[in-house]
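So the sequence shown is numbered by the UniProt record's numbering: it starts at 1 and just counts up by one.
Rather than coming from a laboratory, the hints here were simulated on the basis of the structure.
Treat the hints with caution; some may be incorrect.
To be verified - The calculated lysine to any residue pairs, modelled on SDA-like cross-linking and capped at a C-alpha distance of 25 Å, are: (1) Lys55 to Ala39; (2) Lys19 to Val65; (3) Lys10 to Lys29; (4) Lys205 to Arg159; (5) Lys155 to His181; (6) Lys243 to Ile228; (7) Lys205 to Val162; (8) Lys19 to Pro45; (9) Lys10 to Ser51; (10) Lys29 to Val70; (11) Lys243 to Gln262; (12) Lys196 to Leu227; (13) Lys196 to Asn229; (14) Lys205 to Arg163; (15) Lys149 to Arg124; (16) Lys243 to Asn141; (17) Lys194 to Met242; (18) Lys155 to Asn141; (19) Lys194 to Gly148; (20) Lys19 to Arg46; (21) Lys101 to Lys134; (22) Lys29 to Asn77; (23) Lys257 to Asp238; (24) Lys151 to Phe217; (25) Lys59 to Tyr32; (26) Lys225 to Leu199; (27) Lys196 to Met209; (28) Lys13 to Asp91; (29) Lys134 to Phe154; (30) Lys40 to Ser9; (31) Lys134 to Asp153; (32) Lys149 to Glu133; (33) Lys194 to Phe142; (34) Lys194 to Glu123; (35) Lys55 to Leu42; (36) Lys130 to Lys196; (37) Lys101 to Gln127; (38) Lys86 to Glu12; (39) Lys205 to Thr220; (40) Lys55 to Pro45.
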Amino acid sequence: MDSRDLIISKLEKLGLSSKEGEVYLQLVKAPYSNGSQIAKKLGYPRTSVYSILSKLQGKGCILSVPEGEVTSYVAINPQDLIFRLKREIDDATNVLGEEFKKIDIESNEKQFLNINSYEGITERIHQLLKSAEKEVYINTNFNLDEFGKFKEDFKLLKRKGVRVIFFSFQNKGYESLGAEHYSRSSLKEDASNKTKRILLVVDMKLAIMASNYGGEFYGTFSENKLLINLIAEHIHNDIYLMKLEENYKGDFWEDIKLNTMQEIENQE
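Construct the entire structure; sequences and hints are all you get.
Okay, here's the thing in structure tokens:
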């Protein structure tokens, strides 16, 4: 892209059409040109050029200079024009930013974002961990090595004083992440299990759940309050059961089972 095309493309981003940019640039090169001269130079019909000149005047990009029966035109100094257009854009974006903050998002518009790649899921987890201010709840069978990719995020959480509650399928090691670590000794699942899953809640405002059940990694991120509460309750209940198991040595399990499909599938 040569200098001329680059200038015109950038003027388009500032609100001028391609032809308006061409006419303005021609007047920068040859000030005090009239419509016929511009039309001849650019190869446009005179009626089209006069229409463009009128629009450029309306936008404050050029001035008309009557000279007897002929009207000539001169471009506003490019630096002055750029400064003015930039200021107008800045003012508009600032106003829009404030006005959009005033718009209430209805609860049924709360986000459910489906993510269908391991990289997309880990990137979202990075974002969630970095955004935490008070508490993070995690339930996962990712092993400690797999959590190495989040090491810097956990360091940041520790510096910010964020409480991290971590339930896993390994008995030790996660304390190195600065987390309160819990695990249940009765769980038969090996951390090397090929089926991986993670539940994560941040500040009771954001949540993600993901798994590679079936082979490919899929996950759902949400700000929906119901889903966040369900995930948080699941994580808490796993820890409550762990503490009950420690207190009662696991003797209560047979008495509380419901004999459901869910229990049978989880035993397999």
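Here's how the hints hold up against the structure:
1. Lys55 to Ala39: Given pair Lys55, Ala39 holds - Cα atoms ~15 Å apart, limit 25 Å.
2. Lys19 to Val65: holds, 21 Å
3. Lys10 to Lys29: holds, 17 Å
4. Lys205 to Arg159: holds, 21 Å
5. Lys155 to His181: Holds, because 16 Å separates the two Cα atoms, which is no more than 25 Å.
6. Lys243 to Ile228: holds, 23 Å
7. Lys205 to Val162: holds, 14 Å
8. Lys19 to Pro45: Distance ~12 Å between Lys19 and Pro45 Cα, so the pair holds.
9. Lys10 to Ser51: Between Lys10 and Ser51 the Cα gap is close to 22 Å, so the pair holds against 25 Å.
10. Lys29 to Val70: holds, 20 Å
11. Lys243 to Gln262: Holds - the C-alpha atoms of Gln262 and Lys243 are around 22 Å apart, at most 25 Å.
12. Lys196 to Leu227: holds, 20 Å
13. Lys196 to Asn229: holds, 22 Å
14. Lys205 to Arg163: Since the Cα atoms of Lys205 and Arg163 sit roughly 15 Å apart, the hinted pair holds (cutoff 25 Å).
15. Lys149 to Arg124: Since the Cα atoms of Lys149 and Arg124 sit roughly 13 Å apart, the hinted pair holds (cutoff 25 Å).
16. Lys243 to Asn141: holds, 19 Å
17. Lys194 to Met242: Holds, because 24 Å separates the two Cα atoms, which is no more than 25 Å.
18. Lys155 to Asn141: With a Cα-Cα distance of about 21 Å, the restraint between Lys155 and Asn141 holds, given a limit of 25 Å.
19. Lys194 to Gly148: holds, 18 Å
20. Lys19 to Arg46: holds, 13 Å
21. Lys101 to Lys134: Holds. Lys101 to Lys134 sits at ~23 Å (cutoff 25 Å).
22. Lys29 to Asn77: holds, 11 Å
23. Lys257 to Asp238: At roughly 15 Å apart (the allowed maximum being 25 Å), Asp238 and Lys257 satisfy the hint.
24. Lys151 to Phe217: Satisfied, since the Cα-Cα distance of roughly 21 Å is no more than 25 Å.
25. Lys59 to Tyr32: Holds, at about 18 Å.
26. Lys225 to Leu199: Given that 25 Å is the threshold and the Cα spacing comes to 15 Å, the pair holds.
27. Lys196 to Met209: The hint holds at about 11 Å.
28. Lys13 to Asp91: holds, 16 Å
29. Lys134 to Phe154: holds, 13 Å
30. Lys40 to Ser9: holds, 22 Å
31. Lys134 to Asp153: Within the cut-off at roughly 14 Å; holds.
32. Lys149 to Glu133: Judged against 25 Å, a Cα distance of about 20 Å means the pair holds.
33. Lys194 to Phe142: holds, 10 Å
34. Lys194 to Glu123: holds, 21 Å
35. Lys55 to Leu42: With Cα atoms ~17 Å apart, Lys55 and Leu42 stay inside 25 Å; holds.
36. Lys130 to Lys196: holds, 22 Å
37. Lys101 to Gln127: The given pair, whose Cα atoms are some 22 Å apart, holds under the 25 Å limit.
38. Lys86 to Glu12: holds, 13 Å
39. Lys205 to Thr220: holds, 14 Å
40. Lys55 to Pro45: holds, 16 Å
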